[in-house]
Amino acid sequence: MSCEVELHKVRVCYDAFCALDGIDLCVQPGEALGIVGPNGSGKSTLLKTIAGLLQPERGSLCVFGTAPRKLPRGTIAYVPQVEAVDWAFPATVSDVVAMGRFAHLPWWQRFGATDRALVEEALEAVGMASMAGRHIAELSGGQQQRAFIARALAQQPRLLLLDEPTTGVDAVTEEAMRVVVRAVVARGTPVLMTTHDLERVDEWFDRLMVLDRRTLALGTPAEVAASGAYAAIREHTHTHGHLRVDHDPHEGHEAHPEVRL
Amino acid sequence: MMHALLAPFAYSFMQRALVAALIVGALCSMMGTYVVLRKLAFIGDGLAHASFAGIVIAYLRNIDYQLGAAVVAVLTALGIGFVHRKGKVSLDTSIGVLFTAAFALGIFLMSRQTRYTLDLQSFLFGDILSVTRGDLVFIVVVGAAVFIAAMLAYRDMLFASFDPVVAEAAGLPVKWLDYGLLVALALTIVVALQSVGIVLVAALLVTPAAAAYQLSKRFTPMLLLSAGFGIVSTVGGLYASYFLGSSSGATIVLVATLLFFVAVALKRLRPA
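Chains as they are written, first to last, in my numbering: chain A, 1 to 261; chain B, 1001 to 1272.
Note that these hints are calculated values from the structure, not bench results.
Just so we're clear, the structure is a prediction, and the values are computed from it rather than from any experiment.
There could be a bad hint or two in this list.
Result set (PhoX-like, lysine-lysine): computed pairs, CA atoms no more than 25 Å apart in a straight line [said to hold, decoys possible]:
(1) B:K1217 <-> B:K1039
(2) A:K48 <-> A:K9
(3) A:K9 <-> A:K70
(4) B:K1039 <-> B:K1267
(5) B:K1217 <-> B:K1088
(6) B:K1267 <-> B:K1217
(7) B:K1217 <-> A:K48
(8) B:K1217 <-> A:K70
(9) B:K1086 <-> A:K48
(10) A:K48 <-> B:K1267
(11) B:K1039 <-> B:K1086
(12) B:K1086 <-> A:K70
(13) B:K1039 <-> B:K1088
(14) A:K70 <-> A:K48
(15) B:K1175 <-> B:K1086
Please model the entire structure based on the sequences and the hints provided.
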């Protein structure tokens, strides 16, 4: 069984604090993996590590059989949770989406018709074609998020990492994103996505990972739901099925013992 | 009328000054777009002051002052990047520590000389009319090298300037682009040093690009508009200084500042 993304006993620390420990994972081709867990459970850290932005302190990490930093340009597309960009940057929506092509264009190659077509296609996919000429500062939060997903699509990555793309977007946008994710995995590209939202996880993902600095459960949404680990976290949440940390993150691991499926 | 306007360029020193003004104006203001968009305004001042140590060392060793300035400015730029990344301090703190250190080294070395004939004023305030043939060769060669490098790295630099985290995840060499930009800025400053001087060179990196930023919705138009503002500032400043008998560096910066306020006014007048 080959893994497109393979983690073995991975530990990731920020100085003294370890956000992740003992993570094992094997992501298959064309698989959508949902990552859920309370705030501070290491979901974003996991994506950043797989993207090659953070180095594991221990354990091994392979993406397409090598270290993330050694992959050819354009292999991984990463959409962060909160885009820490300068919204006053002189760029339109299509300018931002075009950046997705830059990873594939060596300096001697022009931004050609194929690139333009891919940018348009990506904008269509997220329903932003009519906004192509707008300045990025003129977009709503959901539109900004869709523009950044379009950039990731235009990149035509072999691995797509989405950090909470559905946070703060309306139901229509959320459904558009779900269709996009399913279309990407249908082409064989694995998608790893973190989410707060526990509704309809079975429609989004092939497998779910419940994370709280270590893996609490990993399996199909039905298996995870049956395991109790997922429910144990959910009991901590009192608001609309969203996961919240209202307990000391250093306690309570005994309350939901690790379930491996 | 035309004759009177062209009259200054009958002098060869004015011809050299014009070529220098065109190159310095275009190069500084184009690199300035990155300075403004990455909020690095402090770096122009920092690297210019740091290059002073190179000028003094070159003077004491009797080598070409531009070479000395370039070496020290590039080393300071690399040091700033290194301290920022390895020391985990903010970029402006790193700039603040290193440029003052290099400037202090320059003053230290100079203060130990019992007699010196170094014309400090021309380095601090610039004198574009004193550009020699040799200076011009340096300005053309180094200016062209920075320009070509910037063109080759154009797309990567744009992506890394807008969204460094995502660019890095996509496999762009963000760390080397950052170092490359610092080195390119160091060389740009040395190219401009003689025209506008240590104290005012930062203005050419910031003001034309800031003016263009007011009026641009997209990156490439901002870059071209900035270059236009830069050239109008340096050539216009050179021209005005000839007729007013004023300092060329100061006049160039004042023209740039005037253009900036015109751009701000235009933005306010233009319906959104």
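For each hint, the structure was consulted:
Distance restraint check for B:K1217 and B:K1039: the Cα-Cα separation of roughly 17 Å lies within the 25 Å cut-off, and the hinted pair is therefore satisfied. At roughly 16 Å between alpha-carbon atoms, A:K48 and A:K9 fall within 25 Å of each other, so this suggested pair holds. The suggested pairing of A:K9 with A:K70 holds, with an alpha-carbon distance near 21 Å, which does not exceed 25 Å. Among the hinted pairs, B:K1039 with B:K1267 is consistent with the structure: their alpha-carbon atoms are about 20 Å apart, no more than 25 Å.
In summary, the hint linking B:K1217 to B:K1088 is not supported, as the alpha carbons are separated by about 33 Å, beyond the 25 Å threshold. At most 25 Å may separate the alpha-carbon atoms for a hinted pair to count; B:K1267 and B:K1217 meet this at roughly 11 Å. For the proposed pair B:K1217 and A:K48, the alpha carbon gap of about 31 Å is over 25 Å, so the pair is violated. For the suggested pair B:K1217 and A:K70, the alpha carbons sit about 35 Å apart, so the restraint of at most 25 Å is broken.
The hinted pair formed by B:K1086 and A:K48 meets the criterion: a straight-line CA distance of about 20 Å does not exceed 25 Å. With a C-alpha separation of about 40 Å, the suggested pairing of A:K48 with B:K1267 is violated against the 25 Å cut-off. For the proposed pair B:K1039 and B:K1086, the alpha carbon gap of about 21 Å is at most 25 Å, so the pair holds. With a C-alpha separation of about 22 Å, the suggested pair B:K1086 and A:K70 falls inside the 25 Å cut-off, and the hint holds.
Between B:K1039 and B:K1088 the CA atoms are separated by roughly 18 Å; this keeps the pair inside 25 Å, and the hint holds. This hinted pair checks out: A:K70 and A:K48 have alpha carbons roughly 15 Å apart, not beyond 25 Å. This hinted pair checks out: B:K1175 and B:K1086 have alpha carbons roughly 12 Å apart, not beyond 25 Å.
Figure legend: structure checked against the earlier numbered hints; hints not met, in rising order: 5, 7, 8 and 10.
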